[in-house]
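J.: Sequence:
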Amino acid sequence: MENSQSKTGFIAKYAKITTVIAVVFGATSGIFGSLTGASSMAIGFWRLTIALPFFIIPVAVNGEKRAKLKAISAADCLWCFAGGAFLFGHFFSWFNAVKLTNIASASVLAALHPLVVLLVTVFVYHKKVGFKSVAAIIVALIGGAVIAFSGAGSFAGGDLKGDIFAFLAAMFMGLYFSVGDSVRKRVDGGLYVLLVFTSCWICFAVGSAATGTQLLGYGLMDYVYIVIMAVVCQIGAHAVFNMCIGHVSSLYVSTWEAGEPVFATAMALIFLGQVPRTYEIIGCIIVVCALLYYNRQESKNEL
Numbered sequence: 046m047e048n049s050q051s052k053t054g055f056i057a058k059y060a061k062i063t064t065v066i067a068v069v070f071g072a073t074s075g076i077f078g079s080l081t082g083a084s085s086m087a088i089g090f091w092r093l094t095i096a097l098p099f100f101i102i103p104v105a106v107n108g109e110k111r112a113k114l115k116a117i118s119a120a121d122c123l124w125c126f127a128g129g130a131f132l133f134g135h136f137f138s139w140f141n142a143v144k145l146t147n148i149a150s151a152s153v154l155a156a157l158h159p160l161v162v163l164l165v166t167v168f169v170y171h172k173k174v175g176f177k178s179v180a181a182i183i184v185a186l187i188g189g190a191v192i193a194f195s196g197a198g199s200f201a202g203g204d205l206k207g208d209i210f211a212f213l214a215a216m217f218m219g220l221y222f223s224v225g226d227s228v229r230k231r232v233d234g235g236l237y238v239l240l241v242f243t244s245c246w247i248c249f250a251v252g253s254a255a256t257g258t259q260l261l262g263y264g265l266m267d268y269v270y271i272v273i274m275a276v277v278c279q280i281g282a283h284a285v286f287n288m289c290i291g292h293v294s295s296l297y298v299s300t301w302e303a304g305e306p307v308f309a310t311a312m313a314l315i316f317l318g319q320v321p322r323t324y325e326i327i328g329c330i331i332v333v334c335a336l337l338y339y340n341r342q343e344s345k346n347e348l
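The working numbering numbers the first residue of the sequence shown as 46 and each following residue consecutively.
By construction, these hints were calculated from the structure, which means they are not laboratory data. Some hints could be false.
As the list claims (entries may be wrong) - If you anchor each label on the Cβ, the simulated ranges turn out as follows:
#, residue 1, residue 2, range
1, A180, K230, 47 to 57 Å
2, V251, A112, 28 to 38 Å
3, G264, I327, 20 to 30 Å
Claimed, not checked - Derived pair list, reagent style SDA-like, types lysine to any residue, alpha-carbon separation capped at 20 Å:
#, residue 1, residue 2
4, K115, I102
5, K206, Y268
6, K110, A120
7, K115, G252
8, K206, R111
9, K206, R322
10, K345, V174
11, K61, R341
12, K144, G54
13, K177, K345
14, K110, Y263
15, K206, V191
16, K144, T243
17, K206, K230
18, K172, I182
19, K230, K177
20, K230, A119
21, K230, V293
22, K230, R322
23, K110, G54
24, K61, Y263
25, K230, A112
26, K144, K61
27, K144, K230
28, K177, Q342
Ideal placement from N, C-alpha and C gives every residue a C-beta, glycine not left out.
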């Protein structure tokens, strides 16, 4: 965490409630992503293109921030760019998931990212994990299986492919958080967001060029939804998560992020009329409860 910074800033003072609000903002991503007719590559490219200036300009006009940017080690820069690549993988998988399956399934499966973080913790950082945490992982996986196989009767309609994309989104998000949990201890929040978002934008730009993705020519409302996603989801959620990790435990952020499916499913029901199937509701409850319990146990272990 950032100890050298003054604790009088807004995010520093209200980091916990800010995290909760950011989760609500992030939950709208599935709604807007399913409403726009733009491709996943186009959504990601324009979402980052719109959001990046909000982080480039403050650094460009501030000599102190520019000096801090130059002082970042090559290793940390590489990790930031790796984090951006993982974020690209998450976005690409997530945007495809919400177009191929319903938001309830996509949201809950994508919320399995703490499990990836746990695997990295055990096998990369070589930290011990308690029995209760492992039990929570198993229960969460069972819940994810319930959600995935609740759509078994409509696999031909694309549900299975959508669930696979949602699971990949969880894997990439877990790797992204694992990188951030380490690098944010040494790199300023705003600079970290700038480097990660820049890397992610490069991935989308290269991917769009390589696949010949159409970036222009969509309807007006498609671009309106993309602008909303850039402001509400990219800046209001992902950027804020990274800023808050400098002032609260990453486990706190992860705990609330794991609860995003509840908000997303409720919004999908209200705004899109997507009524979750019975087994999806059961799976949602299982996964969310298991992840919250897991994060609670991990928080206790930190004390």
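J.: Hints first: check each against the structure and report whether it holds.
T.: Hints versus structure:
A180 and K230 have their C-beta atoms about 29 Å apart, which leaves the hinted 47 to 57 Å range violated. In this structure, V251 and A112 meet the distance hint of 28 to 38 Å, their C-beta atoms being roughly 30 Å apart. The hinted window of 20 to 30 Å between G264 and I327 is violated, with their beta carbons roughly 38 Å apart. Restraint check: the Cα-Cα separation between K115 and I102 comes to about 16 Å, which is no more than 20 Å; the hinted pair holds.
Straight-line distance between C-alpha atoms of K206 and Y268 comes to about 26 Å, which puts the hinted pair past the 20 Å bound. Between the alpha carbons of K110 and A120 the distance comes to roughly 19 Å, so the proposed pair stays at or under 20 Å and holds. Taking the CA atoms of K115 and G252, the gap is near 28 Å; set against the 20 Å cutoff, the hint is violated. For the suggested pair K206 and R111, the alpha carbons sit about 44 Å apart, so the restraint of at most 20 Å is broken.
Taken as a hint, the K206 and R322 pair is honoured in the structure, with Cα atoms around 18 Å apart against an allowance of 20 Å. Taken as a hint, the K345 and V174 pair is honoured in the structure, with Cα atoms around 12 Å apart against an allowance of 20 Å. The straight-line distance between the Cα atoms of K61 and R341 is roughly 15 Å, inside the 20 Å bound, and the hint therefore holds. Of the pairs offered as hints, the one joining K144 and G54 is violated, with about 39 Å between alpha carbons and a cut-off of 20 Å exceeded.
With a C-alpha separation of about 11 Å, the suggested pair K177 and K345 falls inside the 20 Å cut-off, and the hint holds. Between K110 and Y263, the direct Cα distance comes to roughly 37 Å. Violation of the 20 Å bound is thereby established for this hinted pair. With a C-alpha separation of about 16 Å, the suggested pair K206 and V191 falls inside the 20 Å cut-off, and the hint holds. Taking the CA atoms of K144 and T243, the gap is near 25 Å; set against the 20 Å cutoff, the hint is violated.
Of the supplied pair hints, the one linking K206 and K230 is violated, its CA atoms being roughly 37 Å apart against a limit of 20 Å. Between K172 and I182 the CA atoms are separated by roughly 16 Å; this keeps the pair inside 20 Å, and the hint holds. Restraint check for K230 and K177: the C-alpha separation of about 28 Å exceeds 20 Å, so the hint is violated. Proposed proximity of K230 and A119 is supported: the alpha carbons are some 15 Å apart, at most 20 Å.
For the hint pairing K230 with V293, the CA-to-CA distance comes to about 12 Å; that is within 20 Å, so the pair holds. Distance restraint check for K230 and R322: the Cα-Cα separation of roughly 42 Å exceeds the 20 Å cut-off, and the hinted pair is therefore not satisfied. For a cut-off of 20 Å, the pair hint linking K110 to G54 stands: about 16 Å separates their Cα positions. Distance hint between K61 and Y263 is unfulfilled; the C-alpha atoms sit about 38 Å from each other, more than 20 Å.
A C-alpha spacing of about 18 Å is found between K230 and A112, which places the hinted pair at or below 20 Å, so the restraint holds. For a cut-off of 20 Å, the pair hint linking K144 to K61 is broken: about 32 Å separates their Cα positions. With a C-alpha separation of about 36 Å, the suggested pair K144 and K230 falls outside the 20 Å cut-off, and the hint is violated. A hinted pair counts as satisfied when its Cα atoms are at most 20 Å apart, and K177 with Q342 qualifies at roughly 7 Å.
Going through the hint list in order, the structure does not satisfy hints 1, 3, 5, 7, 8, 12, 14, 16, 17, 19, 22, 24, 26 and 27.
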